[in-house]
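Just so we're on the same page, my numbering is the position in the sequence shown counted from 1, plus 61.
Check the hints yourself; a few may be wrong.
What the hints assert, rightly or not - Pairwise CB distance ranges (calculated):
#1 LEU86 x GLY134: 36 to 44 Å
#2 THR151 x GLY94: 16 to 24 Å
#3 ASP117 x THR95: 33 to 41 Å
#4 LEU107 x GLU79: 32 to 40 Å
#5 ILE153 x ARG67: 19 to 27 Å
#6 GLY169 x VAL90: 21 to 29 Å
Bear in mind the hints are in silico, worked out from the structure with no lab data behind them.
Since we're looking at a predicted model, the values are computed, not measured.
Cβ coordinates follow ideal geometry from the N, Cα and C atoms, glycine included.
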Amino acid sequence: MMTHTRVRKFNTQDTYPEQNLDNDLCQAVIATGTTVFLRGQVAQDLETRESLFTDDAGAQANKAMENVSLLLGEAGSSLEQVCRVVVYLTDIRYRESVYQEMGKWFKGVHPCSTGLVVQHSPGLSGWWRSR
C-alpha cells in the first residue's frame, strides 16, 4: 500500500505557543503519488512563522500565493496544475486587491475558484500578529 508524503511537518505547539494546542500537521500532502493537498496559506514566512503585511490585503495575497507556489514546487508540482481555489475574505472590499494579485499568479491556469466572505471574530483581533 502506497503511503502519502507529507511536506513541511510541524506541531501547533511551535506555531501557536500562546494557545494550548498540540496538533501534528503539515503544509502539504502528496496523496497516492499524483494529488497534492495544501494547507490554507496566509501571508506568513514559512521559515520564521512571522505574520507579514497585516495591514495590506493585496500584499498578503501575494505572499500567500508565493507560499503556494513554493510548497507546490517542494511537492513536485506547480501552479499550472492547480484545479481548485477557495478564497476567504473578511471584508468584500478586499476582493479586488486580493484577486488582482491572485490573477498574476494564475494567468493562463484557469482553476475553478470560489470566494467566500466570512465574519471576522472581534475576539480574535490581532491573534495572528507576531509577538
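Evaluated hints:
1. A hinted range of 36 to 44 Å is violated for the C-beta pair LEU86 and GLY134, which are about 20 Å apart.
2. Between THR151 and GLY94 the C-beta distance comes to about 36 Å, which lies outside the given range of 16 to 24 Å.
3. Separation of ASP117 from THR95 is about 36 Å and conforms to the stated range, judged on CB atoms against 33 to 41 Å.
4. Restraint check, LEU107 to GLU79: a C-beta distance of roughly 20 Å breaks the suggested window 32 to 40 Å.
5. A hinted range of 19 to 27 Å is violated for the C-beta pair ILE153 and ARG67, which are about 35 Å apart.
6. Hint check: GLY169 to VAL90, Cβ distance near 26 Å, so the stated range 21 to 29 Å holds.
Comparing the model with each earlier hint shows violations of hints 1, 2, 4 and 5; every other hint is respected.
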